[in-house]
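For chain A, the structure is supplied; the task is to place chain B on it using the hints.
2 protein chains.
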Amino acid sequence: MNISDIMRHLWSPVCVVTSAWQGKINGQIAVTIGSASIVPDKPRLLIQIYKNNYSHKLIYSSGVFAANFLNQDQVSLIPTFGFETGKETNKFQNIAYEEGVTGCPVLLDSWGFIEAKIVNSMDGGDMTCFLGEVISGEIVGKQGPLLWPDARRVLPEHLQNIWESKRCEQTNISMDTMGCIDAHEWNDRKVIE
Amino acid sequence: MNISDIMRHLWSPVCVVTSAWQGKINGQIAVTIGSASIVPDKPRLLIQIYKNNYSHKLIYSSGVFAANFLNQDQVSLIPTFGFETGKETNKFQNIAYEEGVTGCPVLLDSWGFIEAKIVNSMDGGDMTCFLGEVISGEIVGKQGPLLWPDARRVLPEHLQNIWESKRCEQTNISMDTMGCIDAHEWNDRKVIE
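Protein chains in written order, with my numbering: chain A, 678 to 870; chain B, 678 to 870.
Excised from the complex, chain A in its bound form:
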């Protein structure tokens, strides 16, 4: 079973997901964003956020987020937003941004951004999957979006090692929690006749 080789084709471009709640802001790296609408005038996104990330609290409580897709030359933002927790650090110290219409930070330099208002959520045990209505967005950069396999190729070895150890940490948490799903709607469903 070589399922990992299939799964790696099913991640999104690399994104800094930003959030704002009660005067606090944060940003985290995600590769878990999907299109969720066929109607061009009413775009929607799916996004998965791990529950033990500081961003989860801000996004869940505020009901909004912004997805800032990185340009192909912005690999250096992966450690900035992906290696520390916003509980302890202000990740925006050296980052140019403005407040978007949702109140979430919008990076001035990116490939493009989307701001969304959440309309539903689903428990995944270790993560929450949010469905968001897009309310603002724009392509900013001239390159294409950064894909994770490309980022991986150019990320220096010592940063890859830090990434790997972060991934192991999250994997251990996920193994403990992903089975604990609150799934009322699903368990109570009726067969469709």
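Hints should not be assumed to be uniformly reliable.
Pairs count within a copy or across copies, as identical chains cannot be separated in the list.
Below, a list of computed lysine-lysine pairs in the DSBU-like style, where the Cα atoms sit at most 35 Å apart [unchecked claim]: (1) 719 with 819; (2) 819 with 794; (3) 867 with 794; (4) 728 with 701; (5) 867 with 764; (6) 728 with 819; (7) 701 with 794; (8) 764 with 819; (9) 701 with 867; (10) 728 with 843; (11) 867 with 843; (12) 701 with 819; (13) 794 with 843; (14) 764 with 719; (15) 764 with 843; (16) 701 with 764; (17) 719 with 867; (18) 843 with 819; (19) 728 with 794.
Just so you know, the hints here were simulated from the structure itself, not pulled from any lab data.
What you are looking at is a predicted structure, and each value in this text was computed from that prediction instead of being measured.
Chain B in isolation, oriented as in the chain A frame:
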């Protein structure tokens, strides 16, 4: 606002999603599949299925599905599985398949397949988003997975026109229904302190 140009980077490879329920089988085209687990040994998928598709009834009722990712040279399967409804047609008439461990049809010729058991779902108004635990899967083909922009480039014009008219039909249904979301969990949420 050029949001469509961002959104088109957020669809998955082209997939025939198959289903089985009470002796009926079906398959439909989807580009709405995402990875939903960081744990290599416990892979999970997110998939969105439009409620007015015949497959929705089979997947919702059975709680299982199979995602068959097309090879780059299998564009001809898009009309087979994407242009008619399984309510009226047996789409598998000229297709080689076997029954997977979920009971869903697994195409013998594809880039690769994944079978999944659903563990939670979320209402999206016009669609349901399912979270599935992967229970089987394999890479079958030697090429890479077919991406929708590439399929679009090689699909003959008369088939593109049919696709476009199907898309318009679904868009009209979605515009009427995507606002009608049953979102108890989300609306009843408590702010996380």
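Hint check:
1. Proximity of residue 719 and residue 819 under a CA criterion of 35 Å is satisfied intra-copy only: 25 Å inside one chain copy versus 38 Å between copies.
2. In the homo-oligomer, the alpha carbons of residue 819 and residue 794 lie at most 35 Å apart inside one protomer (27 Å), although the nearest pairing across protomers, at 41 Å, exceeds that limit.
3. In this homomeric assembly, residue 867 and residue 794 come within 35 Å of each other (Cα to Cα) both inside a single copy, at 30 Å, and across copies, at 17 Å.
4. With identical chains, the CA atoms of residue 728 and residue 701 are at most 35 Å apart within one copy only, with a shortest distance of 17 Å there and 39 Å across copies.
5. In the homo-oligomer, the alpha carbons of residue 867 and residue 764 lie at most 35 Å apart only across protomers (20 Å), although the nearest pairing inside one protomer, at 42 Å, exceeds that limit.
6. For a Cα distance limit of 35 Å, the shortest separation of residue 728 from residue 819 inside one copy, 34 Å, qualifies, whereas the shortest one across copies, 37 Å, does not.
7. Taking CA atoms no more than 35 Å apart as the test, residue 701 paired with residue 794 passes inside one copy only; the shortest distance there is 18 Å, against 39 Å between copies.
8. Taking the shortest alpha-carbon separations for residue 764 and residue 819, only the intra-copy value of 33 Å comes in at or below 35 Å, while the best inter-copy value is 46 Å.
9. In the homo-oligomer, the alpha carbons of residue 701 and residue 867 lie at most 35 Å apart only across protomers (18 Å), although the nearest pairing inside one protomer, at 42 Å, exceeds that limit.
10. Taking identical chains as interchangeable, the C-alpha atoms of residue 728 and residue 843 lie at most 35 Å apart only when both belong to the same chain, with a minimum of 15 Å there against 38 Å between chains.
11. With identical chains, the CA atoms of residue 867 and residue 843 are at most 35 Å apart between copies only, with a shortest distance of 29 Å across copies and 41 Å within one.
12. Proximity of residue 701 and residue 819 under a CA criterion of 35 Å is satisfied intra-copy only: 31 Å inside one chain copy versus 49 Å between copies.
13. Taking CA atoms no more than 35 Å apart as the test, residue 794 paired with residue 843 passes in both settings, with 29 Å inside one copy and 28 Å between copies.
14. In the homo-oligomer, the alpha carbons of residue 764 and residue 719 lie at most 35 Å apart both inside one protomer (34 Å) and across protomers (29 Å), since each shortest distance falls under that limit.
15. Taking identical chains as interchangeable, the C-alpha atoms of residue 764 and residue 843 lie at most 35 Å apart only when both belong to the same chain, with a minimum of 16 Å there against 48 Å between chains.
16. When the C-alpha separation of residue 701 and residue 764 is checked against a cutoff of 35 Å, the pair qualifies only within one copy, where the shortest distance is 10 Å, while the shortest distance between copies is 52 Å.
17. For the identical chains of this complex, residue 719 and residue 867 are neighbours both inside a copy (30 Å) and across copies (27 Å), given an alpha-carbon limit of 35 Å.
18. Taking the shortest alpha-carbon separations for residue 843 and residue 819, both the intra-copy value of 31 Å and the inter-copy value of 33 Å come in at or below 35 Å.
19. Taking CA atoms no more than 35 Å apart as the test, residue 728 paired with residue 794 passes in both settings, with 19 Å inside one copy and 23 Å between copies.
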